[in-house]
Amino acid sequence: MEDGYFYPHDNLYTSLYNVASALEQYLAQPAISKNDNECRAILNALLGVFLWDMHMGGYGLSDEMPELSLKFIQRVDIASIRGRVKEARRKQRNWGAESYNEFLADLDTLDEADSEIILERLRAQEMYQWLVNYEELTSSQ
Numbered sequence: 508m509e510d511g512y513f514y515p516h517d518n519l520y521t522s523l524y525n526v527a528s529a530l531e532q533y534l535a536q537p538a539i540s541k542n543d544n545e546c547r548a549i550l551n552a553l554l555g556v557f558l559w560d561m562h563m564g565g566y567g568l569s570d571e572m573p574e575l576s577l578k579f580i581q582r583v584d585i586a587s588i589r590g591r592v593k594e595a596r597r598k599q600r601n602w603g604a605e606s607y608n609e610f611l612a613d614l615d616t617l618d619e620a621d622s623e624i625i626l627e628r629l630r631a632q633e634m635y636q637w638l639v640n641y642e643e644l645t646s647s648q
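In terms of the working numbering, the sequence shown opens at residue 508 and continues consecutively.
Worth flagging that the hints you see were computed from the coordinates, not collected in a lab. Treat the hints loosely; a few may be bogus.
Below, in silico cross-link-like pairs of lysine to aspartate or glutamate (EDC-like), each with a Cα-Cα straight-line distance of 20 Å or less [claimed, not checked]: (1) K541 to E574; (2) K541 to D584; (3) K598 to E633; (4) K593 to E633; (5) K541 to E531; (6) K598 to D618; (7) K578 to D615; (8) K578 to E623; (9) K578 to E633; (10) K593 to E571.
Pairwise CB distance ranges, derived in the manner of DEER restraints [claimed, not checked]: (11) A529 to L626: 36 to 42 Å; (12) D570 to A538: 34 to 40 Å; (13) D621 to L519: 39 to 45 Å; (14) A620 to L519: 32 to 38 Å; (15) V583 to A538: 18 to 24 Å; (16) A529 to E594: 34 to 40 Å; (17) E619 to T521: 34 to 40 Å; (18) Y566 to Q532: 30 to 36 Å; (19) L626 to W559: 30 to 36 Å.
Virtual Cβ for every residue (Gly too), placed ideally from N, Cα, C.
All chains should be built: construct the whole structure from the sequences, respecting the hints.
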């Protein structure tokens with residue numbers, strides 16, 4: 508309830524946010540983050556929340572998912588996660604494309620993809636801020 512108005516989905520969003528936050532905290536526990544099956548299950552759940560949230564308008568239910576993926580994703584899982592993100596991006600309105608593209612760029616970095624391929628994709632998607640950041644990162648190495 509905000510300013511005397513009740514939004515029917517408030518309870519759903521609050522519940523999903525609480526679940527996503529609890530999963531993020533659970534994932535950070537060493538015993539869980541070192542268990543590949545548990546870690547994978549939690550990351551898949553958080554990815555589902557992130558993609559659903561983006562589809563619904565970007566309410567911030569799992570904004571930490573891209574960052575968490577960089578900390579906890581296993582290389583073997585990158586292709587399936589990339590596929591789910593690309594499929595969601597394909598179905599999404601233009602406003603969410605940048606978030607998806609940023610997530611894909613993070614996955615490329617994690618996957619140690621060929622830098623020329625990454626640069627070409629960033630140019631094609633007109634992600635100039637990422638392009639500049641990536642060029643600066645690769646030139647300093």
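Going down the list of hints, with the structure as the test:
{"no.": "1", "hint": "K541 to E574", "result": "holds, 17 Å"}
{"no.": "2", "hint": "K541 to D584", "result": "holds, 15 Å"}
{"no.": "3", "hint": "K598 to E633", "result": "holds, 19 Å"}
{"no.": "4", "hint": "K593 to E633", "result": "holds, 16 Å"}
{"no.": "5", "hint": "K541 to E531", "result": "holds, 14 Å"}
{"no.": "6", "hint": "K598 to D618", "result": "violated, 24 Å"}
{"no.": "7", "hint": "K578 to D615", "result": "holds, 14 Å"}
{"no.": "8", "hint": "K578 to E623", "result": "violated, 24 Å"}
{"no.": "9", "hint": "K578 to E633", "result": "violated, 27 Å"}
{"no.": "10", "hint": "K593 to E571", "result": "holds, 18 Å"}
{"no.": "11", "hint": "A529 to L626: 36 to 42 Å", "result": "holds, 38 Å"}
{"no.": "12", "hint": "D570 to A538: 34 to 40 Å", "result": "violated, 25 Å"}
{"no.": "13", "hint": "D621 to L519: 39 to 45 Å", "result": "holds, 42 Å"}
{"no.": "14", "hint": "A620 to L519: 32 to 38 Å", "result": "holds, 36 Å"}
{"no.": "15", "hint": "V583 to A538: 18 to 24 Å", "result": "holds, 21 Å"}
{"no.": "16", "hint": "A529 to E594: 34 to 40 Å", "result": "violated, 27 Å"}
{"no.": "17", "hint": "E619 to T521: 34 to 40 Å", "result": "holds, 38 Å"}
{"no.": "18", "hint": "Y566 to Q532: 30 to 36 Å", "result": "violated, 20 Å"}
{"no.": "19", "hint": "L626 to W559: 30 to 36 Å", "result": "holds, 31 Å"}
Hint compliance for this structure: hints 6, 8, 9, 12, 16, 18 are not met, and every other hint is.
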